[in-house]
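Peer 1: Each protein sequence line maps, in turn, to chains A and B. The first sequence begins at 1 in full-length UniProt numbering and counts up by one. The second sequence begins at 1 in full-length UniProt numbering and counts up by one.
Don't take each hint at face value.
Any copy will do: because identical chains look the same in the list, a pair fits if it lies in one copy or spans two.
EDC-like mimics (lysine to aspartate or glutamate), calculated; alpha carbons at most 16 Å apart, straight line [to be verified]: (1) Lys59 with Glu83; (2) Lys3 with Glu83; (3) Lys43 with Asp124; (4) Lys59 with Asp84; (5) Lys193 with Asp165; (6) Lys164 with Asp197; (7) Lys3 with Glu30; (8) Lys148 with Asp57; (9) Lys181 with Asp161.
Read the hints as simulated data drawn from the structure, not as lab findings. Since the structure is predicted, the reported quantities are computational estimates derived from the model, not experimental observations.
2 protein chains.
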Amino acid sequence: MPKYVFHYFNGKGLGEPVRLLLAFGDEGFEDHRVAFNEWTEFKPKTPFGQMPFLEFDGKQYAQSLSLARYLGNKYDLGGDTLEDALEIDQNVDLIHDLLTKGIIAYHEEDEAVKEKKYAEFNKDVFPNLLEKLNEIITKNNGHVALGKLTWGDFVFVGWFDYIKDLLVVPDLEKKYPVFQKVVDAVYSIPKVKTYADAVGPTEF
Amino acid sequence: MPKYVFHYFNGKGLGEPVRLLLAFGDEGFEDHRVAFNEWTEFKPKTPFGQMPFLEFDGKQYAQSLSLARYLGNKYDLGGDTLEDALEIDQNVDLIHDLLTKGIIAYHEEDEAVKEKKYAEFNKDVFPNLLEKLNEIITKNNGHVALGKLTWGDFVFVGWFDYIKDLLVVPDLEKKYPVFQKVVDAVYSIPKVKTYADAVGPTEF
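One chain only, chain A, in its complex shape (with noise of 0.2 Å):
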């Protein structure tokens, strides 16, 4: 029996970082793919009804940046001291902060309300906190905090993807090259390769 079983729909979307980690960290892990159709059975023996959540020693752990830290730092993939591990939290929830925003306007139902979120965070928000971003990977030699790879980098490159369909630029990399080397970083990793490699089509 694995060491985890991990538990979210068959994409990358939220839960990505978690498995890249795992992929990491080589204990061994269950990548349970829940498809849309179970999804309604199934949420009520997830912890906090929501997906992903991840299981380890007879318990159950919601929430996919919690777990992201908890991995890392067991990985030694965290800061030394607690201002490091400050400067990785901060800049994270500054890339959650992007994603939030993408959320909010991609899953808005109302055709003409999405159209006017798009206009109006495609103005301001979602360049501001790119730039932003722009600057700390290029400050930190293509890494999201402390100038090395951390855990924060699997959040980056994980949820990477989902950020450029939520913000409909599937070529966000040509416009910011610092980005492409942070995936470049994890990705090129020998058993994140293999992880990613051995994942065949999934539903988004």
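Take the given structure of chain A and dock chain B to it, following the hints.
Peer 2: Quick look at chain B alone, frame taken from chain A:
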């Protein structure tokens, strides 16, 4: 000169968990409250174009939750193990989910859309998150996690008034009496009480 300078608007809002923790830590902090009409001029001086942020040791750090986690760990209000830290983090992220949903509804500018959002969120989203939070806090004897005082309690209490405003439920603690236990646990700490009693009228 105080050890910390904390910058936020003149209200509880997003910033109060950090103020409560700074009061608890008692290392000294300047409580810089920025008036709304000063914000445009002040914004470029902030690390992320956002408030709150905290200055110490010649550096600036942003993001309310990251700052609360940092101070919490510094003042021994975190977990002893990585799993304990994960439990605090995931429960805090659930509170953050509730806050974020509240912000989405409250700050919707189009009145008709806003009304629709509240109708939708009041049906499922807010009740589900509140019930889950009630279940967690009840299980933890009036605390957010670990069955004892942690920085998670400071986040809940610091954001509580803001959440009540956003959800437009001024007496939320009547429906969920256990929420009041968390509030009382934090405000009964003498240093926190001294800080809270000394704060004069605020803008919001």
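Peer 1: When no copy is specified for lysine 3 and glutamate 83, does a C-alpha distance of 16 Å or less occur within a copy, between copies, both, or neither?
Peer 2: between (31 Å within a copy, 15 Å between copies)
Peer 1: For lysine 43 vs aspartate 124, is the C-alpha pair at or below 16 Å within one copy, between two copies, both, or neither?
Peer 2: For lysine 43 and aspartate 124, the Cα distance is within 16 Å only across copies (14 Å; inside one copy 36 Å).
Peer 1: Since the copies are identical, ignore which copy is meant and state whether lysine 193 and aspartate 165 lie within 16 Å (CA to CA) inside a copy, between copies, both or neither.
Peer 2: The answer is neither: 22 Å in one copy and 47 Å across copies each exceed 16 Å.
Peer 1: Tell me, please, which holds for lysine 3 and glutamate 30 at an alpha-carbon limit of 16 Å: within, between, both or neither?
Peer 2: Within. Shortest intra-copy distance 8 Å satisfies the 16 Å Cα cut-off; inter-copy 47 Å does not.
Peer 1: My question is about lysine 59 and aspartate 84: at a cut-off of 16 Å on alpha-carbon distance, are they close within one copy, between copies, both, or neither?
Peer 2: between (29 Å within a copy, 12 Å between copies)
Peer 1: For the identical chains here, do lysine 181 and aspartate 161 meet the 16 Å Cα criterion within one copy, between copies, both, or neither?
Peer 2: Intra 14 Å, inter 42 Å, cutoff 16 Å: intra-copy only.
Peer 1: Pop the pair lysine 59 and glutamate 83 into one bin, within, between, both or neither, using alpha-carbon distances up to 16 Å.
Peer 2: Close across copies (10 Å), not inside one copy (30 Å); limit 16 Å.
Peer 1: If the cutoff is 16 Å on CA atoms, where do lysine 148 and aspartate 57 land: within, between, both or neither? Let me know, please.
Peer 2: Cα proximity of lysine 148 and aspartate 57: none, with 31 Å in one copy and 22 Å across.
Peer 1: How do lysine 164 and aspartate 197 come out at 16 Å by Cα distance, when the copy is not named: within, between, both, or neither?
Peer 2: For lysine 164 and aspartate 197, neither the intra-copy (21 Å) nor the inter-copy (47 Å) Cα distance is at most 16 Å.
Consistency with the previously given hints fails for numbers 5, 6, 8, ordered from lowest to highest.
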